[in-house]
Every structure is written in C-alpha cells, then in structure tokens.
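Model the full assembly from the supplied sequences, consistent with the hints where possible.
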Amino acid sequence: MNNNAINEVIEKYPSAKREYLIPMLQDVQEIQGFVSKDSVVMIGDHLKLPGAKIYGVATFYNQFRFNKPGQFHIQICRGTACHVKGSVNVLESIERALNIKVGQTSRDGLFSLEVVACLGACGLAPVISVNGEFYANVDNKKLFKILKNLRKEGGTK
Amino acid sequence: MDRAVIEGDPYRLIEGMAIAAYGIGASKAYVYLRAEYPLAIQRLKDAIEVAKTYGFVGNNILDSGFNLEIVIKKGAVAFVCGEETALIKSIEGKRGMPKPRPPYPAVSGLFDKPTIINNVESLANIPNIIREGAGWFNGVGTENSKGTKVFALSGNIANTGLVEVAMGTTLKEIIFEIGGGIPDGYKYKAVQIGGPSGGCIPESEIDIQIDYESLITVGAMMGSGGLVVMDENTCMVDVAKYFMGFIQSESCGKCIPCREGTRRMLEILERIASGKSNETELETLERFQSVLHMTDLATIIQDASLCGLGKSAPNPVLSTLRWFRHEYEEHIYERKCRAKVCKELLTFTIIEDKCTGCTLCAIQCPTDAILGSKKHPHYINFEKCIGCGTCLEVCNFDSINVE
Ligand SMILES: Cc1cc2nc3c(=O)[nH]c(=O)nc-3n(C[C@H](O)[C@H](O)[C@H](O)COP(=O)(O)O)c2cc1C
Ligand code: SF4
Ligand code: FES
Chain Y
1 MNNNAINEVI
11 EKYPSAKREY
21 LIPMLQDVQE
31 IQGFVSKDSV
41 VMIGDHLKLP
51 GAKIYGVATF
61 YNQFRFNKPG
71 QFHIQICRGT
81 ACHVKGSVNV
91 LESIERALNI
101 KVGQTSRDGL
111 FSLEVVACLG
121 ACGLAPVISV
131 NGEFYANVDN
141 KKLFKILKNL
151 RKEGGTK
Chain U
158 MDRAVIEGDP
168 YRLIEGMAIA
178 AYGIGASKAY
188 VYLRAEYPLA
198 IQRLKDAIEV
208 AKTYGFVGNN
218 ILDSGFNLEI
228 VIKKGAVAFV
238 CGEETALIKS
248 IEGKRGMPKP
258 RPPYPAVSGL
268 FDKPTIINNV
278 ESLANIPNII
288 REGAGWFNGV
298 GTENSKGTKV
308 FALSGNIANT
318 GLVEVAMGTT
328 LKEIIFEIGG
338 GIPDGYKYKA
348 VQIGGPSGGC
358 IPESEIDIQI
368 DYESLITVGA
378 MMGSGGLVVM
388 DENTCMVDVA
398 KYFMGFIQSE
408 SCGKCIPCRE
418 GTRRMLEILE
428 RIASGKSNET
438 ELETLERFQS
448 VLHMTDLATI
458 IQDASLCGLG
468 KSAPNPVLST
478 LRWFRHEYEE
488 HIYERKCRAK
498 VCKELLTFTI
508 IEDKCTGCTL
518 CAIQCPTDAI
528 LGSKKHPHYI
538 NFEKCIGCGT
548 CLEVCNFDSI
558 NVE
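Chains as they are written, first to last, in this note's numbering: chain Y, 1 to 157; chain U, 158 to 560.
These are calculated hints, taken from the structure and not from any lab test. Backbone N, C-alpha and C define an ideal beta-carbon position, used for all residues, glycine too. Misleading hints may appear alongside valid ones.
[Claimed, not checked] Listed next, with one range per pair, are the computed distances between beta-carbon atoms:
| # | chain 1 | residue 1 | chain 2 | residue 2 | range |
| --- | --- | --- | --- | --- | --- |
| 1 | Y | K152 | U | N216 | 53 to 61 Å |
| 2 | Y | G56 | U | E334 | 44 to 52 Å |
| 3 | U | E560 | Y | R18 | 52 to 60 Å |
| 4 | U | T452 | Y | G109 | 44 to 52 Å |
| 5 | U | E443 | Y | K68 | 42 to 50 Å |
[What the hints assert, rightly or not] Here are the simulated SDA-like pairs of lysine to any residue, each with C-alpha atoms no more than 25 Å apart in a straight line:
| # | chain 1 | residue 1 | chain 2 | residue 2 |
| --- | --- | --- | --- | --- |
| 6 | Y | K141 | U | V498 |
| 7 | Y | K141 | U | N553 |
| 8 | Y | K141 | U | C515 |
| 9 | Y | K12 | U | E226 |
| 10 | U | K231 | Y | L47 |
| 11 | Y | K48 | U | M254 |
| 12 | U | K270 | Y | P14 |
| 13 | U | K411 | Y | F64 |
| 14 | Y | K48 | U | K270 |
| 15 | U | K231 | Y | Y20 |
| 16 | U | K497 | U | C542 |
| 17 | Y | K141 | U | G529 |
| 18 | Y | K53 | U | R191 |
| 19 | Y | K142 | U | V559 |
| 20 | Y | K148 | U | C545 |
| 21 | Y | K142 | U | C515 |
| 22 | Y | K101 | U | R428 |
| 23 | Y | K152 | U | Q521 |
| 24 | U | K209 | Y | Y20 |
| 25 | Y | K101 | U | R420 |
| 26 | U | K185 | Y | I10 |
| 27 | U | K230 | Y | A5 |
| 28 | Y | K53 | U | D269 |
| 29 | Y | K148 | U | C552 |
| 30 | U | K411 | Y | P23 |
| 31 | U | K251 | Y | V116 |
| 32 | Y | K101 | U | G546 |
| 33 | U | K497 | Y | E95 |
[Unchecked claim] Over the 12 Å line for every Cβ pair with chain U, so calculated as not near, a few chain Y residues:
| # | residue |
| --- | --- |
| 34 | I31 |
| 35 | K37 |
| 36 | G51 |
| 37 | Q104 |
| 38 | G109 |
| 39 | V130 |
| 40 | N149 |
Rendered as structure tokens:
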C-alpha cells in the first residue's frame, strides 16, 4: 500500500480539525479506490481520533468502500427511474454473470460491483457505469455485450 | 434539478447565497453537494474563483465591508443528510444523524452557531426576485404557490429531462403535452412525485393542478421535484416495496419506529409479493393478517419518528394502498401480479405450437431450467425456474407465455 499518497492527503489538511475527516477519507478513496486500514490509522493519528470512531463515521456513509475494487468497478443505478425501467433484472444478471454480490470483488480481481442511488442520468434509465463511463438503456443483451468486451480488455492486460 | 442550476448557471446560486448571507449577517456559507455530481462540483468551484476575482465573494465585497467565504462540502452519500440537523452533523465530520429540535439550527446550528439552511433552487431564485420585484415573481402561479417549479421528468415517458412550469399547471399537461405521453402505446398508470417519501397520483386524479396544497390532498408532495411516470407495466406493490427498501436502508437508525418499523413494513410487502409454492397455512394467514397491521404501523412511524425521513417513510405505502388497493388485493388473494413484475408470482411456460426447438432459451437460462431436444418443443422445469425472464427476452418466436 502506498502510504506516501496518504501522507500527501494528510498534509493537505494541516489544521487537524474533525470537520476534515470526511474530506480526507474522500481524498484517500479517490487515490486508492478504497479506504485502507493504514489510511484509517494514519488519519486517526493526525486528527487524534480512535480508529473505531473513524470507522463509525466511514461506515455510516454509503460512499466509502473498504475492499480493493476490481479493475472494472461497476456501479449500477437503483434510483427510482431506473427501477421503473427494470434495473433489478440488470442487477440480478450482473450478479449471476460475475458470480459476485453487491459490494464484492470477483476472484480474478477483474470486476467489483456497487449499487448507487440515482446516477443523475434518469432520462437514460436504466444506467450502469463502469469506471465512471456511463452505459444507457441497459438490458440483458446489452449487458452481456458490455461484460464480454470488458473481459476481453481485461484479459489482454 | 438543483444540479442543473449549479452546472448551468452557478452564479445564480452564488449571488443568491451572497444576498442571503448579507441579509442574516453570515460570513461563512456552505454548499453541500452530492459527491456523485463531479461536474457540478467543478463548475461551482470555478465559478466561486471567478466571483472572487471580481470581488463578489471574499473580503470586503464591493467595498461594503461585508465578508463572505463559500465552502463546498462533498456529501458522502447518505439520503438522511438532506435533513437539516443531519446535514450539520455531516459537515462537522460526524455521522449524519438528526437531532431533536429545538434548539433549531437558526438558534444553534453548525458548530453551535446560528445557521439557516436553504435549498439550491430557493437561493437561486433570490437574485431575480430582488431585481424584478416580488410582484413579478408572484405574477405567475396560484393563490398560495407562487412562481414556477422545475420538475425532472423520467420513467415511462417520451420526453425525459427537466421542465419548468408555472405552479398550477395540470399534471395532464406536463405528462401528455410537454412530456409527449407514454411511449410504445402503453397506458398511463401513475406518476410518482416528491422523491422516495412522496406519493403516487393515479389516472383518476390526472387533472390535478400541481401546487403545494393540491398535492397534499392526493397524498403526495412537491419534495425534490422528481416526476417518475409509470405505465401499466409497473406493479404498484413492487413500487411500494422498492421505496420501502430504500428508506429502510437509509434510515439512520437513531429512533426505533423508523429503524424497526420500516423494516417490518418492508417484510410485509416482501411477503405479499413472494412465492406461492410451499407456503404453510400459517404463513398464508400471516400474509393476510400483516396487511391489516400495515396502516397501524404506518401511523406509528409517522407519529413517533424524530426526523422528516421517518415521518414521511410510510407515504409510498399509504399512497399506493389508497389508489391501488385492488392491486394489493390481487397479490394477496389471487396471488397474481397483473403487471407481471413480481417474479415469484409468475409462471413461465413454453407454448408448444410456437416453439421451434431452436435451443436458444435453454442455452441462456441461468439455472438450466429449460429442457428439450433440438427441433422439438422445449419445456420449463418449474422447480428450477427462478422467473428471471431471460427466455422471454431471447425467444425469437414469441413462444414464452407468462402468467
Ligand atoms: C430525509 C430528507 C432529505 C432531504 N433531502 C434534501 C435534498 O436532497 N436537497 C434539499 O435541498 N433539501 C432536502 N431536504 C429538505 C431540507 O432539509 C430543507 O428542509 C430544505 O432544503 C430547506 O430549504 P427551503 O426552505 O429553501 O426549501 C431533505 C429533508 C429530509 C427530511
Ligand atoms: S426518523 Fe429515521 S432517519 Fe430520522 S432520526 Fe429517526 S431513525 Fe434517523
Ligand atoms: S434513477 Fe438511475 S440515473 Fe436516476
């Protein structure tokens, strides 16, 4: 784990105030893709907060992940518009196709899956996003194509 | 909607905030923004910088001696943080759990300082109202709901996107004229308005004027301004279940009526929509009984919850029960889902005459529930079928029947 990067985040917040806890966690996650144990310990040292308190805050919010995400991080929208357009089916298909549940990373490290509430593209429902790239009007057929392409892309690396 | 203001014209928000801050004598203002909207965050950041260079934000604004610092706070994704006191906790770097009022934030809010909280749309309206006068703003709208309102149209509707209409415009106009109606020849069923804790408006009430008071009479609310249109392929029990699931997982857990009550309601809804095979008589009885408890439960959650999330949590259920009771009854007594959404109540069969034995469905079926040999009609093993609908989707010969 790259602790220098965490130190850089910490240095951005020299006045160690509690109100910077969430921004620091957000910065760490942006760099590492998740909130590592090391980062919690280091932030705790800086803000003089016990790790348990930090986990208490971090787990309250849906944004933070504690597992390393896969090479392709899939976010599926479960907002209202997407639900009406059948996002449950898409979610179930992804889970079956990748053999992982929401919040998990596939064993080959290729895919991870996260559910989000409204990606803000409701007109294009149902929406999924892979590493931040949006796919609109996703149905099973489209999904299998997307996954196939990603597998190919991941395999060649 | 608020995102559109920030992405499209962030200066309106900044100006509104500056005026509001001047009005109450605040020197620090926060914008709490969803982390999922990076573009909005970036645009607002840039706009604040620009405003600073022109002296509209910062120290001694326009030589008035008034200072204002605007800070952007990225929300860490929790619905309850829209509630005022939870939002304050979240900015302070704590868990976003509401606290009892009084003291109201206006007396003791962020870092125990007096705080006012307003919505982005509200603030962005201020500059225009000050420039054009209150009469101008009040010239549009109804007796008690003034001005315009922006709605986000989505769901089963031809034109999706944002629409700004005068308060008092009818729902029918919004859906069938502006929205272009329901696509693919399906029939209108309901519109869900006001976000997860809003309500549904059925076809019988489609002539309703949209304003704050009228919405309340049909058990809905303005809320976030989301309008999700649903056609006849939407199951209202499923919609209620969906919202309850969302609210249940977003409940902060501070008070028992909200935390446990929403969970019980969700369980009841799940039972209504769940499978018909191997149910014991006792379970059937419980399924019938539980529905009777649902309205009691709803009243208790409404009365005894601390914050707005809990107080409005039963709305989707109450509203669907009020307008679509017959759909609940069908689910409970006839074990039927007319919209063919509640999978466990559906039976998939293959129409022998139509099936050509192309084997496509058998290959695609995730549970290997489809059996048969090439060029002969296939059949579905009910025990294995999970009702995922894959066969229906892949069949090129319309030979899958769903009931
Ligand atoms: C559970 C819950 C979620 C909320 N979410 C939001 C939100 O996302 N955006 C918002 O502006 N107000 C939200 N509100 C309302 C705010 O708490 C607050 O009342 C409102 O922003 C006040 O602004 P106004 O008086 O200008 O309308 C929410 C309220 C509750 C109870
Ligand atoms: S009503 Fe629900 S969300 Fe609100 S404080 Fe109570 S438990 Fe938390
Ligand atoms: S509901 Fe899926 S993008 Fe909004």
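Exercise for the section: Run the structure past the numbered hints and jot down the numbers of the failing ones, going up. Expected result: none
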